[in-house]
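Asks: What follows is the residue order along each chain.
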Amino acid sequence: MPVEAVTLADTTTKELPLLVLWLFKAGLIYGGLLGTAALMTLAERKVSAWIQYRIGPNRVGPWGLLQPLADGVKFIFKEEVVPDGANPLMFRLAPILSAVPAMLAIAVIPFAGEVKIGDWSFGTLSIANLDISVLYVGALTGLSVYGVILGGWSSNSKYSLLGGLRASAQMISYELTLLLAVLSVVLMNGSLDLRAIAADQASTGMWNAIVQPVAFVLFVIAMFAETNRHPFDFAECEPELVGGFHTEYSSMKFALFFLGEYCAMVVMACLATTFFLGGGALPFIAELAWYVELPVFCAKASSFLFLFLWVRWTLPRFRYDQLMTLGWQVMLPLALVNLFVTGAVVALGWHPLLMPLLAIAVLVPFALLFGRPRPRSESLTHEGAAG
Amino acid sequence: MVIVKRKELSFWERLYLPEVVRGLSVTMRAIFRRKITRQYPEEPLATNEVTRGQPRLAVNEDDTIRCVSCGLCEIACPAYAITIDGQETDRFIEREPERFDIDMLRCILCGFCEEACPKDAIFMSEELELADFSREALVYDIEKLKRPISALQRRSDYVYKLNDRWHSSSSTS
Numbered sequence: 038m039p040v041e042a043v044t045l046a047d048t049t050t051k052e053l054p055l056l057v058l059w060l061f062k063a064g065l066i067y068g069g070l071l072g073t074a075a076l077m078t079l080a081e082r083k084v085s086a087w088i089q090y091r092i093g094p095n096r097v098g099p100w101g102l103l104q105p106l107a108d109g110v111k112f113i114f115k116e117e118v119v120p121d122g123a124n125p126l127m128f129r130l131a132p133i134l135s136a137v138p139a140m141l142a143i144a145v146i147p148f149a150g151e152v153k154i155g156d157w158s159f160g161t162l163s164i165a166n167l168d169i170s171v172l173y174v175g176a177l178t179g180l181s182v183y184g185v186i187l188g189g190w191s192s193n194s195k196y197s198l199l200g201g202l203r204a205s206a207q208m209i210s211y212e213l214t215l216l217l218a219v220l221s222v223v224l225m226n227g228s229l230d231l232r233a234i235a236a237d238q239a240s241t242g243m244w245n246a247i248v249q250p251v252a253f254v255l256f257v258i259a260m261f262a263e264t265n266r267h268p269f270d271f272a273e274c275e276p277e278l279v280g281g282f283h284t285e286y287s288s289m290k291f292a293l294f295f296l297g298e299y300c301a302m303v304v305m306a307c308l309a310t311t312f313f314l315g316g317g318a319l320p321f322i323a324e325l326a327w328y329v330e331l332p333v334f335c336a337k338a339s340s341f342l343f344l345f346l347w348v349r350w351t352l353p354r355f356r357y358d359q360l361m362t363l364g365w366q367v368m369l370p371l372a373l374v375n376l377f378v379t380g381a382v383v384a385l386g387w388h389p390l391l392m393p394l395l396a397i398a399v400l401v402p403f404a405l406l407f408g409r410p411r412p413r414s415e416s417l418t419h420e421g422a423a424g
Numbered sequence: 062m063v064i065v066k067r068k069e070l071s072f073w074e075r076l077y078l079p080e081v082v083r084g085l086s087v088t089m090r091a092i093f094r095r096k097i098t099r100q101y102p103e104e105p106l107a108t109n110e111v112t113r114g115q116p117r118l119a120v121n122e123d124d125t126i127r128c129v130s131c132g133l134c135e136i137a138c139p140a141y142a143i144t145i146d147g148q149e150t151d152r153f154i155e156r157e158p159e160r161f162d163i164d165m166l167r168c169i170l171c172g173f174c175e176e177a178c179p180k181d182a183i184f185m186s187e188e189l190e191l192a193d194f195s196r197e198a199l200v201y202d203i204e205k206l207k208r209p210i211s212a213l214q215r216r217s218d219y220v221y222k223l224n225d226r227w228h229s230s231s232s233t234s
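Chains as they are written, first to last, in our numbering: chain A, 38 to 424; chain B, 62 to 234.
Worth flagging that the hints you see were computed from the coordinates, not collected in a lab.
Be careful, since some hints might not be right.
Which chain B residues stay away from chain A? Per the calculated CB distances, all over 10 Å, these [said to hold, decoys possible]:
#, residue
1, 88
2, 95
3, 168
4, 177
5, 191
No farther apart than 20 Å at their CA atoms in a straight line, the calculated lysine to any residue pairs in the SDA-like style are these [as the list claims (entries may be wrong)]:
#, chain 1, residue 1, chain 2, residue 2
6, B, 96, A, 347
7, A, 83, B, 207
8, B, 96, A, 87
9, A, 83, B, 87
10, B, 96, A, 93
11, B, 207, B, 187
12, B, 96, A, 353
13, A, 83, B, 100
14, B, 68, A, 353
15, A, 83, B, 96
16, B, 96, A, 99
Derived CB-CB ranges, DEER-like [as the list claims (entries may be wrong)]:
#, chain 1, residue 1, chain 2, residue 2, range
17, B, 83, A, 60, 44 to 52 Å
18, A, 102, B, 208, 35 to 43 Å
19, B, 107, A, 370, 56 to 64 Å
20, A, 95, B, 107, 42 to 50 Å
21, A, 209, B, 170, 51 to 59 Å
22, A, 109, B, 171, 38 to 46 Å
23, A, 118, B, 121, 56 to 64 Å
24, A, 114, B, 227, 56 to 64 Å
25, A, 85, B, 160, 50 to 58 Å
26, A, 393, B, 81, 13 to 21 Å
Using N, Cα and C, we set each Cβ at its ideal position, and we do this for glycine too.
Could you build all of it, start to finish, from the sequences and the hints given here?
Replies: Rendered as C-alpha cells:
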C-alpha cells in the first residue's frame, strides 16, 4: 500500500521539520485553491460569453486576466448593508460558514504522489494525510448547507428564507446520492483514504469512471446539486427569488458566499478526479513522477470545472418538484441498486469489468419500468380545450 | 385560444442524459462560432447618410457660417434645446448668430431643426458620442457646433435628395 510508503521515513532522504512542511504545503495548496476560485469567476464570464457568441471581459489585463482582482477591489470598497431586523450574529457568521467548509475539504485531496527534489523528500502533495479522508470530506459537504440556510434565515427577508429552505432540502437530498456513489467507489477500491483510492485505480489501470459508470454519472449530477450550480441552483434562482439566500448580502460578505461556491466547485472537481479518474494517473503508465502527476491531475480537475460552466449555460433550471422527483425517485434508488451490485461483485470476487455490464443489465429494466410517461393532468395537456 | 399539443417523448428522450449530451454539443459548437461582439471604442458603429447624429452648424468654404439666425429651428425644436441670439453682419445675408447654443442633454436627435432650416445651415451629423463630466459642458456653443460643409457633405446631399422628391428644383441657397 502506498500509505505505509509515505509514513515510513526513509533514512537516506532529508526532510523538512513537520510544521514548516505543513505551512509550506498549506500556503501552496490554499494559494492554488483561492487563485483557481478567482479565475473561475473570470472563466464563468468568458465561457458564458463564448457560448453566446460574445468575447467576454477583456479590458483588465491581457485577455481580462486581472478582472478577478478588479472585482475583488470593488467588493472590498463597497458599502456593507445589514438589513433591519437581521440577526446580527448569524448574518455575519453565515458567509464564513459557507466559505470555510468548502476550503477545508481541499486539505485531504492528494494532488500528486511523493514529492522528491534531489535528496529532499516532501511527502505526498496534500496537506493532511488522513486515513479516513472520505468521511472527512463527507462531513464537510454536510456542513456547507449551514452557511446557505443561516444566511437565508438571518437576513429577515422572505426571498432569502425561501432560497435557504430550498437549498437545504436540495442539498440534503442530493448528499445521499453523492455519498452513496462515493460508497460504491470505496467498496471497489477497499479504502476510505483518498490517496489509496487514487493509487489503487492507478495501479490496476481501471479507473472508476469505467468500472463504475453509474456511480460516476450519479456523482457528477449530485455534484452539481451539492455546489448549487445550474441546473440545480434553487438557492439563488434569480427569476423566482430575486437572489435567493444572498439577496440581502452586499460587499465582501457577498463575495465570501461566491468564494465559497467556487471553492466548493474546485473541491468537487478534485474529488471527482480522485474518485473516478484515478487522480494524477495516466492510462497504461504505471508509475509517474509527481511533476507529471500534478499537471495531469490539474488537467482532469479543470475539465470538470469546465463542465460546471458548460452545463450552466446549456441546461435550464429544473422545477422544484422535478428536482425532488429526480433526487428521491430516480437517483437515490439507482445509487442504492448500484451499491448493492457493487457489493455483490466485490463479495463474490468477480472481475470488476463485469460491473459496467451488470450496470447496464440492471439499468435497462429499471428505465423501462420507471421511465414510463406518467399520465398528465387535463389542465397540462389542454386536450379537449377546442371542443 | 391556443391549443398546446405536447409531443410525446420517445424512450431515448425520456432517458434525459442523451438529450443533455446533445444540448451540450450545441453549446460546444456555439463556442467556436464567429463572435459578433463589436469592440466599441476601437470599432465604432458604421454610419451612413441616414445616420441622424447630433446637429451641427454648416460653415461655408470661405469660413462664413450659413446660419442667418432666423430662429425657425429654435421654434421647431420640440425639446427647447436651441437658443439663438442674432446680430447684424456686413455680409450680403445681413444677419448671423451671435450666440447659438444647443443643450445636447435636451436634444432628442429628432432632426426637426434640419428640416425647418431654410438656409441648409444645420445638419444632423454622423457624430454620435456624447459624454462629459458636467451638465454645463454638454451645452454646446457655436464654436463647438461649427463644422466645415465638407464634413457634412454626405448628409447634406441626402437632405437635398429628400427635398427633391417634392420640388422640381433643389432648395439650395
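Asks: Of the hints stated earlier, which fail here?
Replies: 1, 2, 7, 12 and 20
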